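S.K.: Required output: the full structure, derived from the provided sequences and hints.
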Amino acid sequence: MNELLWTYLALPLAKILVILLALVLLAAYMSWFERKLLAYMQIRLGPNRVGPKGWLQPIADALKLFVKEDLTPSFGEKLVFLLGPCLIIVPALVVFSVIPFGPSPHLFITDVNIGVLFILAVSSIGVYGIILGGWASNNKFSLMGGLRSAAQLISYEVPMGFAVVTVLLLAKSLSLVRIVEAQKQAGVWFVLPAFVAFVIYFICGVAETNRNPFDLPEAESELVAGYHTEYSGMKFAFYFLAEYANMVVVSCMATVMFFGGWLRPFPNVAALAFLDAIPPLVWFLLKVAGFLFLYIWFRGTFPRYRFDQLMGLGWKVLLPVSLVNLLVVAAFVAAGGQA
Amino acid sequence: MPVLEAVLAGSEEMEVSFGPQHPATHGVLRLVLKVDGERIVDAKPIIGYLHRGTEKLFERETYPQCIPHTDRMDYTAAATNNQGFVGAVEKLMGITIPPRAAYIRMILAELQRIASHIIWLATHALDIGAVTPFFYTFEEREKILDLFEEYCGARLTLNTMRIGGVPWDLPEGWTDRCRKFVEELPRKIEDWERLLTNNRIWKARTVGVGVIDAEKAIAWGLTGPPLRGSGVQWDIRKVFPYDRYDEVEFDIPVGTHGDTYDRYLVRMEEMRQSVRIIRQCLDKLPDGPVMAWVPKVIRPPKGEVYFSVEGPKGELGYYIVSDGGVTPYRVRVRPPCFVNLQALPELVKGHLVADVVAVIGTLDIVLGEIDR
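Sequence order for the protein chains is A and B. Under my numbering, the residue at position 280 of the first sequence is numbered 264, and the numbers go up by one with no gaps. Under my numbering, the residue at position 360 of the second sequence is numbered 829, and the numbers go up by one with no gaps.
Some hints could be false.
The calculated lysine to aspartate or glutamate pairs, modelled on DMTMM-like cross-linking and capped at a C-alpha distance of 25 Å, are [what the hints assert, rightly or not]:
1. A/Lys20 / B/Asp660
2. B/Lys753 / B/Glu608
3. B/Lys513 / A/Asp95
4. B/Lys818 / A/Asp95
5. A/Lys20 / B/Asp645
6. A/Lys(-1) / A/Asp95
Short, incomplete list of chain A residues facing chain B, as computed with Cβ under 8 Å [what the hints assert, rightly or not]:
7. Met25
8. Ala46
9. Thr94
10. Asp95
11. Arg162
12. Asn196
13. Pro197
14. Phe282
15. Arg283
16. Thr285
17. Phe286
18. Arg288
19. Arg290
20. Phe291
21. Gln293
22. Met295
Pairwise CB distance ranges, derived in the manner of DEER restraints [said to hold, decoys possible]:
23. A/Cys70 / B/Ala688: 31 to 41 Å
24. B/Gly517 / A/Lys52: 32 to 42 Å
25. B/Leu754 / A/Tyr13: 36 to 46 Å
26. B/Val708 / A/Lys37: 52 to 62 Å
Hints listed in this document are in silico derivations from the structure and should not be mistaken for laboratory results. Since we're looking at a predicted model, the values are computed, not measured. In this text, a Cβ means the ideal position worked out from N, Cα and C, and glycines have one as well.
M.R.: Pasting the structure below:
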């Protein structure tokens, strides 16, 4: 009985707590990392007042948001206005329950045999948070931000799905742990056989998280702050946190599906065995950090797409390319080729 | 729930009040946009939020006292504002300024043109979503402002020209520092262009946006880069040379399509041409006094005068009526931004909301000058 309690309740709960805390901290420090990195790209210093080198800045920001007045627009739908931030933060955090940060048995909360499907399904709930939040604010800019976001998420989920299917064909499993293990067996990260799928996945991932150059829903110069214009205090913080958590999710998924998860480079080459000295968790985090860096790099470099161009890119370029790529990989797998 | 009611009533059009407090309206411009989804059906600029009655103020001030007021119209280009006003008074009084003063004015005006174009580029890129050029360009603008500060003590509202010349000679070593700056600038402009000119997204956002052909541009009275972007070779510095612009060589860059991208290219090239002018001015800089002889109390003869200069944003003209007294009887400013802004509804009709900010950026408006 005690043992059952331990395996099915205490341990998962402890893991959830640790991951949740780590994640919220990571998302908060992601903003510090982003501001610092952008600052260096833009020949300035970035936050440097709170704590040494601005290390405490995210904490100060969080405190500030906690004590801020929580305004609800008087003509807004009060309930839906409250629902928006909840709908966006919960899926963003729930997704982490299936992401394997390292090999079994302890470095993930659970391994679901439909892990990929679960992530896609749960993370698309988040769009309701944006649409409803934008609509309930009763602000024209918010509404337009919400509408843009809805259109964007729906169009980019399709090519993203096809890119993911490519990986599933190679791994023959929907479980994220099995996908990593399949890459170990194949001796190669899936990014090599499925490079096109990776590129499509990452572009879609950037679009899904509303980041530059696809940050139209919150395009400051056009829509003020887009769907979260009317949000303040912790409600705003939830949107903010969810955006960063979603960035981490997309990076984690890219790492798991294309870059061998917690595996070291060339997992089957014995000559590189010394790389095992670095623990799997560190490998995983390093790769994720690499993707997050890419996100920020994009932001420092690109202008923003226009709404119609964004849709055009999604439907006219990414979708056909991902379809053709899927067929090619499928034919390759059907012909008995081993990745 | 007005929005919901409008939707339920079957109305497809929505009215959005864009500004005056909006991050992309470059100050306090207000646009009332009629949008059908994201498409602009109509746009109506509403101005006057920064009205300070400058033209009326002129009537109360003596002529030299007017010069600081001109600084505050187009506050991103104070030197050219000064140049226009003092030029008008000089024309009215028939004063010829010493060559050295004219050359110093040209150097200042061209530096100012670069500084103004830098602000335009930075904010235009920022509006279209590229954040980084803002910081790269402003680093260079700081250097220009440092040069200004060293010359006249002010960085923004320069008050750097006087009726009859310029108030001071250049400080020692200023020309060397100025030369160093203009020698370095073309490389920096290349850096900025590398971030934008061939960027696919930048082109997607600017090519074919806000198109106006030459005929229409003239009909709307556009001047400056918006006119030249449509392919009209019209530059006050060439057609009615003032100061000593007839003694320096430079080209007038023109575009072909009259879209936002062409206007971008025109302004980028104008910065290079300004560098060329400054270089020649520094080479030719004559010796001599920097002020002509002018009476202690400026009393232009009775009459009226129109004098215009090529400001960074277009033709900046001053129409002064003098009744022979110490203060102008009436001053009317022909502000380039005000006239260029008129074309905005024409330029954005049928485009998307995102294009509105691109078009506002490409017209390079400064509300201080529009409202005065």
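S.K.: Does each hint hold? Answer for all of them.
M.R.: Hint check:
Our distance criterion of 25 Å between C-alpha atoms is met by lysine 20 of chain A and aspartate 660 of chain B, whose separation comes to about 22 Å. Straight-line distance between C-alpha atoms of lysine 753 of chain B and glutamate 608 of chain B comes to about 28 Å, which puts the hinted pair past the 25 Å bound. Taken as a hint, the lysine 513 of chain B and aspartate 95 of chain A pair is broken in the structure, with Cα atoms around 58 Å apart against an allowance of 25 Å. Proximity of lysine 818 of chain B to aspartate 95 of chain A is assessed by CA-CA distance (about 54 Å); at most 25 Å being required, the pair is judged violated.
Distance check on the hinted pair: lysine 20 of chain A and aspartate 645 of chain B sit about 36 Å apart at the alpha-carbon level, beyond 25 Å; violated. Only pairs whose Cα atoms come within 25 Å are accepted, and lysine -1 of chain A paired with aspartate 95 of chain A is accepted, the gap being roughly 13 Å. For methionine 25 of chain A, the suggested interface contact is upheld, since its CB lies about 6 Å from the closest CB of chain B, less than 8 Å. Checking alanine 46 of chain A against chain B: minimum C-beta separation of about 24 Å lies over 8 Å; hint violated.
The interface hint given for threonine 94 of chain A is broken, as the beta carbon of that residue sits about 39 Å from the closest beta carbon of chain B, more than 8 Å. Hint status for aspartate 95 of chain A relative to chain B: violated, with the closest Cβ pair at about 40 Å, above 8 Å. Interface hint at arginine 162 of chain A: violated, since its Cβ lies 38 Å from the closest Cβ of chain B, which is beyond the 8 Å cut-off. This hint holds: asparagine 196 of chain A has a C-beta 6 Å from the nearest C-beta of chain B, less than the 8 Å allowed.
This hint holds: proline 197 of chain A has a C-beta 6 Å from the nearest C-beta of chain B, less than the 8 Å allowed. For phenylalanine 282 of chain A, the shortest C-beta to C-beta distance to chain B is roughly 11 Å, which exceeds 8 Å, and the interface hint is violated. This hint holds: arginine 283 of chain A has a C-beta 7 Å from the nearest C-beta of chain B, less than the 8 Å allowed. Taking 8 Å as the C-beta contact cut-off toward chain B, the hint placing threonine 285 of chain A at the interface holds, the least distance being around 7 Å.
Checking phenylalanine 286 of chain A against chain B: minimum C-beta separation of about 6 Å stays under 8 Å; hint holds. With a cut of 8 Å, the hint placing arginine 288 of chain A at the interface with chain B holds, because the nearest CB-to-CB distance is about 3 Å. Contact between arginine 290 of chain A and chain B, as hinted, is supported at the beta carbon level, the nearest pair being about 4 Å apart and thus within 8 Å. The beta carbon of phenylalanine 291 of chain A is positioned within 8 Å of a beta carbon in chain B (closest approach about 5 Å), and the interface hint is therefore held.
The interface hint given for glutamine 293 of chain A holds, since its Cβ lies 5 Å from the closest Cβ of chain B, which is under the 8 Å cut-off. A cut of 8 Å between beta carbons decides the hint on methionine 295 of chain A: the least distance to chain B is about 11 Å, and the hint is violated. Between cysteine 70 of chain A and alanine 688 of chain B, the C-beta spacing of about 55 Å breaks the proposed range 31 to 41 Å. In this structure the hint that glycine 517 of chain B and lysine 52 of chain A lie 32 to 42 Å apart at CB holds, the actual value being about 34 Å.
Between leucine 754 of chain B and tyrosine 13 of chain A the C-beta distance comes to about 55 Å, which lies outside the given range of 36 to 46 Å. Taking 52 to 62 Å as the suggested C-beta distance range, the pair valine 708 of chain B and lysine 37 of chain A conforms, at roughly 56 Å.
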